[in-house]
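Spelled out from the first residue to the last, the chains are:
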Amino acid sequence: MARTIAILGAGKLGITLSQLALRAGYSVLIAGSGDPSKIKLSVSVLAPGAIATTSAEAARQSDVIILALPLSRFRKLPKEELTGKLVIDAMNYWWEVDGPIDHILPSGMSSSEMVQAFLSSSRIVKALNHMGYHDLHDEARSKKSPGRKAIAVAGDSKDDVRIVSSIIDSLGFDTLYIGGLAKGKLLEPGGNVFGANVSAARLKQLI
Amino acid sequence: MTHTGNNYLFGLDSFGDLAKAEDGRLMNYAESIRLVVDEAVLADRLGVDVIALGEHHREEYAISSPETVLSAIASKTKQIKLASGVTVLSSDDPVRVFERFATLDAVSNGRAQVILGRGSFTESFPLFGYDLRDYEALFEEKIELFSKLLKEQPVTWSGTHTQSLDAADVFPKTESGTLETYVGVGGSPQSVVRAAAYNFPLVLAIIGGSPERFAPYIELYRKASAEFGHSAHPVGMHSPGFIADSDEQAVKIAFPLFKQAMDKVGKTRGWQPMSREHFMNEVKNGSMYVGSPETVGKKIANAMKAVDAKRFDMVYGFGPMQASDRRRMIELYATEVIPRVRELLGQS
Ligand SMILES: NC(=O)c1ccc[n+]([C@@H]2O[C@H](COP(=O)([O-])OP(=O)(O)OC[C@H]3O[C@@H](n4cnc5c(N)ncnc54)[C@H](OP(=O)(O)O)[C@@H]3O)[C@@H](O)[C@H]2O)c1
Numbered sequence: 001m002a003r004t005i006a007i008l009g010a011g012k013l014g015i016t017l018s019q020l021a022l023r024a025g026y027s028v029l030i031a032g033s034g035d036p037s038k039i040k041l042s043v044s045v046l047a048p049g050a051i052a053t054t055s056a057e058a059a060r061q062s063d064v065i066i067l068a069l070p071l072s073r074f075r076k077l078p079k080e081e082l083t084g085k086l087v088i089d090a091m092n093y094w095w096e097v098d099g100p101i102d103h104i105l106p107s108g109m110s111s112s113e114m115v116q117a118f119l120s121s122s123r124i125v126k127a128l129n130h131m132g133y134h135d136l137h138d139e140a141r142s143k144k145s146p147g148r149k150a151i152a153v154a155g156d157s158k159d160d161v162r163i164v165s166s167i168i169d170s171l172g173f174d175t176l177y178i179g180g181l182a183k184g185k186l187l188e189p190g191g192n193v194f195g196a197n198v199s200a201a202r203l204k205q206l207i
Numbered sequence: 001m002t003h004t005g006n007n008y009l010f011g012l013d014s015f016g017d018l019a020k021a022e023d024g025r026l027m028n029y030a031e032s033i034r035l036v037v038d039e040a041v042l043a044d045r046l047g048v049d050v051i052a053l054g055e056h057h058r059e060e061y062a063i064s065s066p067e068t069v070l071s072a073i074a075s076k077t078k079q080i081k082l083a084s085g086v087t088v089l090s091s092d093d094p095v096r097v098f099e100r101f102a103t104l105d106a107v108s109n110g111r112a113q114v115i116l117g118r119g120s121f122t123e124s125f126p127l128f129g130y131d132l133r134d135y136e137a138l139f140e141e142k143i144e145l146f147s148k149l150l151k152e153q154p155v156t157w158s159g160t161h162t163q164s165l166d167a168a169d170v171f172p173k174t175e176s177g178t179l180e181t182y183v184g185v186g187g188s189p190q191s192v193v194r195a196a197a198y199n200f201p202l203v204l205a206i207i208g209g210s211p212e213r214f215a216p217y218i219e220l221y222r223k224a225s226a227e228f229g230h231s232a233h234p235v236g237m238h239s240p241g242f243i244a245d246s247d248e249q250a251v252k253i254a255f256p257l258f259k260q261a262m263d264k265v266g267k268t269r270g271w272q273p274m275s276r277e278h279f280m281n282e283v284k285n286g287s288m289y290v291g292s293p294e295t296v297g298k299k300i301a302n303a304m305k306a307v308d309a310k311r312f313d314m315v316y317g318f319g320p321m322q323a324s325d326r327r328r329m330i331e332l333y334a335t336e337v338i339p340r341v342r343e344l345l346g347q348s
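Residue numbers (our numbering), protein chains in the order written: chain A, 1 to 207; chain B, 1 to 348.
One chain only, chain B, in its complex shape (with noise of 0.2 Å):
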């Protein structure tokens, strides 16, 4: 269904931060849209495996509709997989998620990915008329229809959160009769048994601390898997990033800009301002892939041994980064870091 074996995928994931163009002015929603378009054009050209883009509702975000993006991007690629990171199933309706990225596979000639998640952000329930408190069972009761939506057969369901369907058959249908589906998860542990049961691959969100201790996660993801019959599929992890041509210069430009974007969120959730010390942390030991190609390089593939992983995304762009810095970046990320983990891990 999706990867096999010891085919590695490396992808680069956006949240569509606001970027900021050559005279240092702060470019708005729209440039920003088209600045990932554009780089992703880029990620295409020079091989990378996938480009990721997750749903956010804020406004230091640009992307709050992914598949838009992916579908334009789709009409200037060839290759590149189009992938969400993550769609907030919770606060969307799963029949409208599949029909959507049914679409996106269409117009792509299937190159759709759907990562399905709760999301960090729940800014979207307000939006759409949730209630916060049916966090939980929201996610359970749409995962659970979204799962057989897949099927692509007519779907009889009867729902407490969702709309109840008698036979309900739903368009387009994809052509190769799957819509790759993804869940990602972060550290809870029922989120991983939850993927396992539905048969669903998994993608370890690893954002802070280090990437050893999911090693666990993956283990569980397998007994579970084991326990409700299905064979385990391979495991990708996400985690931020930032390339630049040495090491100095990689934290010269990414420590200000990671600080404002995790400070910015602190504020909201009332964490302290994040150190140099705690960000040099993350650095050396952590899960920030922030250096020359060849320390992300060697980084990634330590991680990806680490936990066994068989792809990588890098969440690329973080805080009002230069559009310049931003490209150069993918470009080191395609042309060197990618190269060079493959070979680390005996792929070449």
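So that you can see chain A by itself, here it is in the shape it has in the complex (with noise of 0.2 Å):
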């Protein structure tokens, strides 16, 4: 199993997994876009304990990576130090900060296929977008308890599917595999998940 996880994004939703991956036991690096002293203070009081790095040393160091970054800069991502690492794609297209979709992602396609397509040779698996980072952080739950919530997960690996669901049981969520990568659509902004807080059963009669 992975001990430690990078998570590249610094801002709401990469803070907010850092502080779930640190009570979950994992040790934790994590990079915002440019040198790791910018993002060093916050880190150390938000999410103590996480190293700040960069997002090459990050990926580099780690079995499993999430990705917590505007979609929009997908291509300044460390491609090749991502070579044959599994990679969680949490991002979403979000015009106020990613600009006109047709800038950034050809029609048809689901974000995480396109990004698939960009870091070819690792492994994406979509998951931990359509919850608000808010309700990641005061939904988190241990297994088993009542009222669990549930993150939707979509990927064209079942064995890297079945280890990010173990991943995230161990943040506190149960999970839902919904299919191969174009599934990921339904979990995008428009899609019937997006936004969702709700239990696994609740989740499969949204898909």
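These aren't lab readings, by the way, just hints derived from the structure by calculation.
Some hints here could point you the wrong way.
Subject to a maximum C-alpha distance of 30 Å in a straight line, what follows is the list of computed DSBU-like cross-link-like pairs (lysine-lysine) [what the hints assert, rightly or not]:
no.: 1; chain 1: A; residue 1: Lys38; chain 2: A; residue 2: Lys143
no.: 2; chain 1: A; residue 1: Lys40; chain 2: B; residue 2: Lys252
no.: 3; chain 1: A; residue 1: Lys79; chain 2: A; residue 2: Lys158
no.: 4; chain 1: B; residue 1: Lys264; chain 2: A; residue 2: Lys12
no.: 5; chain 1: B; residue 1: Lys20; chain 2: A; residue 2: Lys185
no.: 6; chain 1: A; residue 1: Lys12; chain 2: B; residue 2: Lys305
no.: 7; chain 1: B; residue 1: Lys267; chain 2: A; residue 2: Lys185
no.: 8; chain 1: B; residue 1: Lys267; chain 2: A; residue 2: Lys12
no.: 9; chain 1: B; residue 1: Lys259; chain 2: A; residue 2: Lys185
no.: 10; chain 1: B; residue 1: Lys259; chain 2: A; residue 2: Lys12
no.: 11; chain 1: A; residue 1: Lys144; chain 2: B; residue 2: Lys310
no.: 12; chain 1: B; residue 1: Lys76; chain 2: B; residue 2: Lys20
no.: 13; chain 1: A; residue 1: Lys183; chain 2: B; residue 2: Lys267
no.: 14; chain 1: A; residue 1: Lys38; chain 2: B; residue 2: Lys310
no.: 15; chain 1: A; residue 1: Lys85; chain 2: A; residue 2: Lys40
no.: 16; chain 1: B; residue 1: Lys264; chain 2: A; residue 2: Lys183
no.: 17; chain 1: A; residue 1: Lys38; chain 2: B; residue 2: Lys252
no.: 18; chain 1: B; residue 1: Lys252; chain 2: B; residue 2: Lys20
no.: 19; chain 1: A; residue 1: Lys204; chain 2: B; residue 2: Lys20
no.: 20; chain 1: B; residue 1: Lys151; chain 2: A; residue 2: Lys204
Predicted, not measured: the structure shown is a model, and the values here were computed from it.
Put the two chains together into one complex; each comes in its own frame, and the hints tell you how they fit.
Structure (structure tokens):
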């Protein structure tokens, strides 16, 4: 099982996921867009224990990497260091941050398929994108707790989906496998599941 | 510079939502703006500390030019502070923002407050000819220029996204020498650090989820302030709410209106309509301050304690709400909720 998780993006989502991962006992490496010194203080206060570093270094040292940066920046990802790695894509297209969609996303493709096409030698699984960061923070619960909420997972490799699901379980959520990366579209803004903060049973109905 | 010690401040925030007249008709833009002026006069009379008006450029909101409305309020009130909430600095001109608010400060005898922010909507970018892709860089550069203008001395400045200035002096000067300025932030850690770097007091926009989760952000603000060699200012928070005579009545009136307002935004952002369960969860555990004066008073006091906030602004008048319900809410906020919160916080 993975013990070190890299989180690329040290904003609202990245910090929240760092908090959950630290609590679950993982070592966490976290990176923003630039020099680690820019995020060091925030990380030390908001997610004490996580190590601020560069994206390339974080990717190199981890088996599992979570993408928590704006979608429009995906071409800046350290492609080489991500080779062969399991990458959880939690990014969404958000026009207020990313600008017009036709600048970014070829029509018909799910955003995770596009990320997979760019990171062609990494293994992409889409997850942790449909729930708002404050819900992720407030709703994480231990296994079998009543009212536990669920995260939908899409990916082309069953094995990778299994690993990602067990990580999400340890972060505090049930999971629901919904199919390959193309199905990730259902989880995107405008899809039925976007924003969902619900149980696995309810999530299944929404799919 | 701003408020100090145990001196709590309570405010009301409006975006100028189009309201409903007593006959059920949707008010037009002009009527909705005049309604806010009347409400601010009432709030002033009842002792509310601050009225803050947001800047929006969307069809459901009447206020795109808060400082113009605030100037009208200034001429009819005595005590109440006149704030923006927020001024979208990225798509504005820092020199003009200073000039407009210094003017407001003059006509109000020193009651102007600028709350700078990035705003949660971005309609202003195309409207004023800015490129959304420069979002970060615009804010970064403009807040720096603005912080220089606040010294009220000639400014020399070389800009990328802004004008360059050669010992430019900007008028009017304020009487006190200080234009009160805050920075409004959401959940972004970098924005908190930035506010500390420029030594601006912070107002946290907490519009969903548990307020407690923001406590570490305040610790971050204090540590960052210390690192930059400033003593941190007291922190404020702003959240949406509605108050009626009973909990049931408050929920009954507020739910459909909050839902309508949220769903309208959700439609463009791609999230699903708000369920009653989600709403009630926000009311119970989250950041919607909806209920009777006692319920809301307790909830505000708990939240202020949890994040150690010295200022609370309630965003009121969500959606097409009856003017009479808005009015009643302001009365209850001023005469029952605020005194109750002060009492719960140990200040009478
Ligand atoms: N907010 C949510 O509730 C939520 C929920 C689910 C999914 N998401 C998705 O998660 C992503 C992040 O959202 P957010 O709300 O956390 O945004 P945010 O608060 O603006 O944070 C974005 C972070 O990404 C970093 N970043 C930018 N370019 C980068 C690069 N090339 N390499 C590494 N890091 C980079 C930024 O660092 P700098 O400050 O150095 O630029 C910043 O730390 C988005 O795709 C969003 O759609 C958000």
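Comparing the hints with the structure gives:
1. Our distance criterion of 30 Å between C-alpha atoms is broken by A/Lys38 and A/Lys143, whose separation comes to about 36 Å.
2. Under the criterion of a C-alpha separation no larger than 30 Å, the hint pairing A/Lys40 with B/Lys252 is inconsistent with the structure, at around 46 Å.
3. In summary, the hint linking A/Lys79 to A/Lys158 is supported, as the alpha carbons are separated by about 23 Å, within the 30 Å threshold.
4. The straight-line distance between the Cα atoms of B/Lys264 and A/Lys12 is roughly 23 Å, inside the 30 Å bound, and the hint therefore holds.
5. Restraint check for B/Lys20 and A/Lys185: the C-alpha separation of about 39 Å exceeds 30 Å, so the hint is violated.
6. The suggested pairing of A/Lys12 with B/Lys305 holds, with an alpha-carbon distance near 23 Å, which does not exceed 30 Å.
7. Between B/Lys267 and A/Lys185 the CA atoms are separated by roughly 17 Å; this keeps the pair inside 30 Å, and the hint holds.
8. Between B/Lys267 and A/Lys12, the direct Cα distance comes to roughly 22 Å. Compliance with the 30 Å bound is thereby established for this hinted pair.
9. Between the alpha carbons of B/Lys259 and A/Lys185 the distance comes to roughly 25 Å, so the proposed pair stays at or under 30 Å and holds.
10. Distance restraint check for B/Lys259 and A/Lys12: the Cα-Cα separation of roughly 24 Å lies within the 30 Å cut-off, and the hinted pair is therefore satisfied.
11. With a CA separation close to 39 Å, the supplied pair A/Lys144 and B/Lys310 exceeds the 30 Å bound.
12. Of the pairs offered as hints, the one joining B/Lys76 and B/Lys20 holds, with about 24 Å between alpha carbons and a cut-off of 30 Å not exceeded.
13. This hinted pair checks out: A/Lys183 and B/Lys267 have alpha carbons roughly 21 Å apart, not beyond 30 Å.
14. Our distance criterion of 30 Å between C-alpha atoms is met by A/Lys38 and B/Lys310, whose separation comes to about 28 Å.
15. For the hint linking A/Lys85 to A/Lys40, the alpha-carbon distance of about 25 Å falls within 30 Å, and the restraint holds.
16. Using a Cα cut-off of 30 Å, the hinted pair B/Lys264 and A/Lys183 holds, with the two alpha carbons roughly 26 Å apart.
17. Taking the CA atoms of A/Lys38 and B/Lys252, the gap is about 47 Å. The hint is violated against a cut of 30 Å.
18. With a C-alpha separation of about 16 Å, the suggested pairing of B/Lys252 with B/Lys20 holds against the 30 Å cut-off.
19. Pair hint A/Lys204 plus B/Lys20 does not hold up; C-alpha atoms about 40 Å apart against a cutoff of 30 Å.
20. A distance of roughly 58 Å separates the Cα atoms of B/Lys151 and A/Lys204; the hinted pair therefore is violated under the 30 Å criterion.
Taken one by one, the earlier hints fail for this structure at numbers 1, 2, 5, 11, 17, 19 and 20, listed in ascending order.
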